Amino acid sequence: MKLRTFRRHLREGVKNIGRNGWMTFASVSAVAVTLFLLGVFLILAMNVNHFMAHVESQVEIKVYLTPDAKPEQVKAVETALRNQSGIKSVVYVSKDQGMEELKKRLGDKAELLEGLEKQNPLQDRFDVKTYDPHQTPQVAEKIRQIPHVDEVQYGKGWVEKFFDFTRMVRNVGLVFIVGLAFTAMFLISNTIKITIFARRREIEIMKLVGATNWFIRWPFFIEGMLLGFLGALLPIAVLWVGYHALLDMVRQDLSLFFLDLLPVTPLMAQVSLLLVVIGMLIGMWGSLISMRRFLKV
Amino acid sequence: MKLRTFRRHLREGVKNIGRNGWMTFASVSAVAVTLFLLGVFLILAMNVNHFMAHVESQVEIKVYLTPDAKPEQVKAVETALRNQSGIKSVVYVSKDQGMEELKKRLGDKAELLEGLEKQNPLQDRFDVKTYDPHQTPQVAEKIRQIPHVDEVQYGKGWVEKFFDFTRMVRNVGLVFIVGLAFTAMFLISNTIKITIFARRREIEIMKLVGATNWFIRWPFFIEGMLLGFLGALLPIAVLWVGYHALLDMVRQDLSLFFLDLLPVTPLMAQVSLLLVVIGMLIGMWGSLISMRRFLKV
Amino acid sequence: MIEMIDVWKTYPNGTHALRGITVRIKKGEFVYVVGPSGAGKSTFIKLMYREERPTKGQIFVNGINLEALRERRIPYLRRNIGVVFQDFKLLPKLTVHENVAFAMEVVEAPSKQIRQRVKEVLELVKLSHKADVYPDELSGGEQQRVAIARALVNRPSVLLADEPTGNLDPETSWGIMHLLEEINNRGTTVVMATHNREIVNTMRKRVIAIENGEIVRDEQRGEYGYET
Amino acid sequence: MIEMIDVWKTYPNGTHALRGITVRIKKGEFVYVVGPSGAGKSTFIKLMYREERPTKGQIFVNGINLEALRERRIPYLRRNIGVVFQDFKLLPKLTVHENVAFAMEVVEAPSKQIRQRVKEVLELVKLSHKADVYPDELSGGEQQRVAIARALVNRPSVLLADEPTGNLDPETSWGIMHLLEEINNRGTTVVMATHNREIVNTMRKRVIAIENGEIVRDEQRGEYGYET
Ligand SMILES: Nc1ncnc2c1ncn2[C@@H]1O[C@H](COP(=O)(O)OP(=O)(O)OP(=O)(O)O)[C@@H](O)[C@H]1O
Ligand SMILES: Nc1ncnc2c1ncn2[C@@H]1O[C@H](COP(=O)(O)OP(=O)(O)OP(=O)(O)O)[C@@H](O)[C@H]1O
Ligand SMILES: [Mg+2]
Ligand SMILES: [Mg+2]
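Respectively, the protein sequence lines represent chains C, P, L and H. Using numbering that gives the first Met the number 0, read the first sequence as starting at 0 and increasing by one per residue. Using numbering that gives the first Met the number 0, read the second sequence as starting at 0 and increasing by one per residue. Using numbering that gives the first Met the number 0, read the third sequence as starting at 0 and increasing by one per residue. Using numbering that gives the first Met the number 0, read the fourth sequence as starting at 0 and increasing by one per residue.
Next comes chain C alone, as it looks inside the complex (with noise of 0.2 Å):
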């Protein structure tokens, strides 16, 4: 192919997207609102996998020592324990820490353990973070074995109830993004596909005129390309706004405290990205393929 006509083709596929005006306002529509909802799910995904990571993140071990183990055994644990790999913080909590976290645990109650303090019944611990909180059991088996340490507590069955739920909600929402993403991708390929069934007696006049195939996709596929773009850029700045209005209320309504969403500057920019390459690839790709059918004359 000649530089001209290269320059011809872009020209072409510029000058389409205004010619076809009514059917490039549907097509970029539809293909913006197909990926505004990707978008909005996308965004809302990655936020309830932070969240879930963030609860997970809070499951740790209890490893209570022998009562009898003396200072330079229960550091001889902490240094066993620190040398163990896939751990990620070590915490000391004495027995009299313990009893004060339990007094606390019963609130009004607390009285019962009057009396208790003195003959303190409890035992010396270490509470164990994991850096993969799904490593949790394989973890705590690790540290059983470890010399004077009595017990280890992580909420066995609970903890894998716990990873099961997560797990699964992973699951079901790669599913669901997955599903939606090839969702978007048929609907904004069939959108094209549409546009261009309208416009077959051109590309067969264009054939009968001695066209090549290459000669009449190039501007189409140009055509295409910029569809998705433009039909990318509207539900970005979408997002990119209504995002950042979200993180605000977030930040000033206190009744939603509970919310850790994640900041705008690395997910937005991944969630963009995603939604432009999907928009021109598909544009293209839609482009391309609802085309073969016409060239055949």
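Hints are computed from structural coordinates only; laboratory data are not their basis. None of these values were measured; they are calculated from a predicted model. Wrong hints could be hidden among the right ones.
[Unchecked claim] The calculated PhoX-like cross-link candidates involving lysine-lysine, where the alpha carbons are at most 25 Å apart (straight line), are: (1) P:LYS61 - P:LYS94; (2) L:LYS88 - P:LYS295; (3) C:LYS295 - L:LYS92; (4) C:LYS61 - C:LYS94; (5) P:LYS155 - C:LYS102; (6) L:LYS125 - L:LYS88; (7) C:LYS14 - C:LYS69; (8) L:LYS88 - H:LYS88; (9) P:LYS94 - P:LYS74; (10) C:LYS295 - H:LYS111; (11) L:LYS118 - P:LYS1; (12) P:LYS14 - L:LYS88; (13) C:LYS103 - P:LYS160; (14) P:LYS103 - C:LYS94; (15) C:LYS103 - P:LYS69.
[To be verified] One-sided and incomplete, this derived list gives chain H residues near chain L with beta-carbon spacing under 10 Å: (16) ASN12; (17) THR14; (18) ARG18; (19) GLY34; (20) ASN79; (21) ASP86; (22) PHE87; (23) SER127; (24) GLN142; (25) GLN143; (26) ASP161; (27) HIS194.
Heads up, the beta-carbon is just placed ideally off N, CA and C, and yes, glycines get one too.
Here the structure of chain C is known, so what remains is to put chains P, L and H with the ligands in place on it, guided by the hints.
Below, chains P, L and H with the ligands without anything else, positioned relative to chain C:
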């Protein structure tokens, strides 16, 4: 309009489905995919709502009686509670039963409570559930005024926050579903608009041959309704089968025990009805409004 | 009766298609409209069934003032006018039979009557054997004849034919002309734009010559009149 | 050089359009194709630039066997053939100038040359003043002349014209005919389907008469030959 003309419109509307073969296929599949999306989210939202309602229904008010309350006074409190409006259930828990519960809660640290059984410092109480869990704080306030009620606990603070959370999830869900419904409507009517745009010449010709606007509109109207109907059938079938399969899966997989999904029957019937109605209404409406411009010949 | 009084037509792109046309075509007349390519013949005809509206001037068809005609009444005007469009304007997704029948369905004729009458006119234009075929499976001349059949099917009181023999061989053209003459003899007003010198000079009728948007000649029993 | 050997064409709907056509048109010839409506003239022409493929038989154009021609090579065949389609086939969203230019852009001509040559051919068909107008803003005859201009613009070695004067007044028709004759004199093979008796009988050339899908007459310097 004469009867034979109406029959003619019906016939033509049905025939057009076949005449526009590829276009019909493209628009029906766009309608189907869009409605499928909407259906999936409806089912999801209704189940989440159900799940939250279930959790909410666990919220109860613990009504502690004064330690000196005599049996007939206890009876009087119970009567007062039962007469209180908005209360669903009232369960009596004696102080001995309360001690058992506390032991269970402390688990392996229950030995701390040893020796307290004889001089049990706990109080008799009623566990009260409301019909509308969101009314809990108000009901609790009223209960507090009943004679011989010493204290009322319902997790003040925590419960309000939890309800804030469920209210937010419900609101967000509602916004999503309504937004999705509008998106679906937009996409469907947009698709129909494009297909009608591709047939504008035909409409103009009909006009020039002496057809009135309504003579032209009727078959399009019927065609649009059929498109919407056909487009709703597929997603309904898939959702029905898919939801059945999901229920079976959940029932068999023990790790999904916590999922308490809604039964197929009323849920799927409601969703199906909604999809058919949306599909058909938008199909008709989309046909009608998009023809307007081309009827001005 | 068709009457135009000082009718001007300028298209939105600025082309002056008609410049002050005043003409009176009586009921039952047969009129040829001749003139060079782009002179304004089709525009002249399009004004009569209100595909186009004049920029200025008054038009009366069958006593109706087209400028005062309400949007909703236009279809009823058109039902009294049969039009053979220069570009045929057949409905691509309907068969030949359905295309012709459409013009009758529009007036809510009984279907039996429609079937019979459509068969009849298709025979008149010699296309009975193509009744169940779609327009794009027809030759140019066959499409033109379908357009003619559709214009005739409702026995309109006015027949407007824009170049109805442009794609027909002389023999078929004469067949169509005899048909039009017969229809005219039964009282239908016929206005026909044409380039066919042979026909105009042989079948003598009133000739209106348009050039550059103006009537330059209007003769009873006139000639085509452009020498080569 | 165009050669057909026992060519049959049956359309998918069962219509037998051509039945055993054998013909040889030499380089630089000027051939009229005549015959009644629906005889098969357009089909005959469509086979030459491969819009349609024969059901049976061999076709050679400029020495190329069309049946053996690979799909990808068809555009290159068509670039040597200028076609005036019976239904014009103009691109509706391009202006007159752009429509004609399109045929040159296809062969990747330099844009300066395109601009100049398009102006030239638009002058030849007397449409310079309509260069920036869209096809649906043209009269029938003007559209036809755009189609002719597009067919000529690349100076093809073969010109196929299907009823190129059907929508033109006699004077304009003669202008076009002289143009075609001139082009033919410069060596271009011209095949023209027509119903115009006057032209065929005046500008005497080879006449191929098709009836019912068969060649019934093939005369050098022939006549239109259908009497009314
Ligand atoms: N829709 C339109 N918009 C703008 N200009 C138009 C339109 N239709 C026709 N014209 C112009 O108006 C003039 C008259 O056109 P019209 O179609 O009436 O010519 P005509 O006499 O029918 O020609 P022909 O014999 O070629 O059919 C021409 O110059 C044409 O280009
Ligand atoms: N695409 C098609 N499908 C089916 N039949 C067709 C098709 N095109 C043409 N025909 C039929 O083939 C026959 C020859 O058609 P063709 O167009 O070659 O005629 P023609 O000689 O050009 O006629 P005209 O002078 O009316 O243009 C006709 O009977 C026509 O109905
Ligand atoms: Mg005209
Ligand atoms: Mg033909």
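Hints violated by the structure (listed by number, smallest first): 7, 10, 15, 18, 20, 23
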